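S.K.: First to last, the protein sequences are chains P and C.
Start counting the first sequence at 0; every next residue gets the next number (numbering that gives the first Met the number 0).
Start counting the second sequence at 0; every next residue gets the next number (numbering that gives the first Met the number 0).
Note that these hints are calculated values from the structure, not bench results.
Do not rely on the hints blindly, as some may be mistaken.
Derived Cβ-Cβ restraints for the label pairs, each shown as a range [claimed, not checked]:
(1) C:K134 / P:D28: 35 to 41 angstroms
(2) P:V111 / C:A108: 33 to 39 angstroms
(3) C:V131 / P:P68: 43 to 49 angstroms
(4) C:Q28 / P:E20: 39 to 45 angstroms
(5) C:E45 / P:S17: 28 to 34 angstroms
(6) P:T91 / C:E45: 26 to 32 angstroms
Since the model is a prediction, treat every value here as computed from it, not as a measurement.
Here a beta-carbon is modelled for each residue, glycine too, at the ideal position from N, C-alpha and C.
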Amino acid sequence: MKFLTTNFVKCAVKGCQSSTESFPLKYSDCQLVQEEQEYNPEFLVHMLERLDWNAVIQVARDLGNDSLPPTKPDSLDPIMEEDQAVLKDLHTLLVETQIVEGRMTCNNCQHVYHIKNSIPNFLLPPHLC
Amino acid sequence: MSRPEELAPPEVFYNDTESFKYTSSTRVQHIQAKMTLRALELLNLEKEQPHFLLDLGCGSGLSGEILTEEGYNWIGMDISPSMLATGLDRDVEGDLFLSDLGNGVPFRAGTFDAAISISAIQWLCNADTAGVDPKKRLLCFFNTLYSSLRRGGKFVAQFYPMNDSQTEAILGAAKVAGFGGGLIIDDPDSKRHKKYYLVLTAGLSERTVNLTGATMEAPVMNKKVNKKLLRKMESGKDFINRKKETMKRRGKKVALDSKFTGRKRRPRF
Ligand SMILES: C[S@@+](CC[C@H](N)C(=O)[O-])C[C@H]1O[C@@H](n2cnc3c(N)ncnc32)[C@H](O)[C@@H]1O
Chain P
0 MKFLTTNFVK
10 CAVKGCQSST
20 ESFPLKYSDC
30 QLVQEEQEYN
40 PEFLVHMLER
50 LDWNAVIQVA
60 RDLGNDSLPP
70 TKPDSLDPIM
80 EEDQAVLKDL
90 HTLLVETQIV
100 EGRMTCNNCQ
110 HVYHIKNSIP
120 NFLLPPHLC
Chain C
0 MSRPEELAPP
10 EVFYNDTESF
20 KYTSSTRVQH
30 IQAKMTLRAL
40 ELLNLEKEQP
50 HFLLDLGCGS
60 GLSGEILTEE
70 GYNWIGMDIS
80 PSMLATGLDR
90 DVEGDLFLSD
100 LGNGVPFRAG
110 TFDAAISISA
120 IQWLCNADTA
130 GVDPKKRLLC
140 FFNTLYSSLR
150 RGGKFVAQFY
160 PMNDSQTEAI
170 LGAAKVAGFG
180 GGLIIDDPDS
190 KRHKKYYLVL
200 TAGLSERTVN
210 LTGATMEAPV
220 MNKKVNKKLL
230 RKMESGKDFI
240 NRKKETMKRR
250 GKKVALDSKF
260 TGRKRRPRF
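If we strip away everything but chain P, and leave its shape as in the complex, we get (with noise of 0.2 angstroms):
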């Protein structure tokens, strides 16, 4: 799973469904890869605006890195020379930067969701549909 959809995933239980907790999820115990990916400035740009910046930066602490900047960089244009390097900072750690295994917990009701093999078990028991 790559970092960037931990900016979007959220907890799938019924009762958190209006909580403001149950986004971002926390993230423990986790292996991360490295995998290089084709370079997409447009659709970074295109996320960029969509992302939630304050989500990115807990998650990131989560899983090690306290060194992002407190502001969401905006205004980053394709096109512009100058702001390639930021776009592929992004690229590395939204896109390239995937989760292998791991725990996700839901700071709403607590409910461990697991990642094996890349892909987020987000099955729930019955008494939680």
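With chain P held as given, fit chain C with the ligand onto it using these hints.
M.R.: Okay, now just chain C with the ligand, sitting in the frame of chain P:
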């Protein structure tokens, strides 16, 4: 031949053997590719612009591979571990989620530009165990899908209804969740090739679905042509070139035209 939906629950039906058989059949690959392309045609997304899509009941990624080929980034969800494992083996580009669509789509509001589903949602009409209410599951699916889409985001689903009441249940739940749109039937007179496509919009869209040559069972909003839309219709290359020219005129350096600039860089991570 009986329908797979009547034989077993999806995660049981699509076991290792069936997943392999399904995915490696060139006939299946061909049909799924064709239907995915048709779904994309109906979605009518701005070409040359990036889009983030959700593939519901993605299976082993036959539909997702087409999304990748067409330049889209996507996330897939499926209930069958074997299908997903086959997808991993095929090195699909999208992130894969093991989950049951009937329990909803676990993404925050406005995550996706659009969603597709190919040959999957008829499964939601089944009650595989006692105490399961298909109506509730359909509603949960459409409600959470609606919220995970950007306003104006579209959803096209090819599905195999067993009978009219399944189609009605699906359309009804979509409507209750707030979707606008309806049903498109391709090749309605051919028993073999007849295909059902649910074509929905979550809220108002600047650009509607592509209904060329289609007959609808429910009206979809009219196409509004405005300046913004015309801009969007220019090709990506034209757009970048136009923008680069403007930038150059303003004395700015643009990528590819120069390797180095004297400007200060933004803070790196
Ligand atoms: C015919 S396959 C299509 C797969 C893929 N979309 C394609 O075009 O090849 C149908 C898929 O729907 C999935 N499915 C059925 N019911 C589901 C549910 N409740 N939640 C998630 N996936 C489901 C099955 O596991 C199966 O992989």
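S.K.: Out of the numbered hints, which ones does the structure contradict?
M.R.: Hint 2 alone not satisfied by this model.
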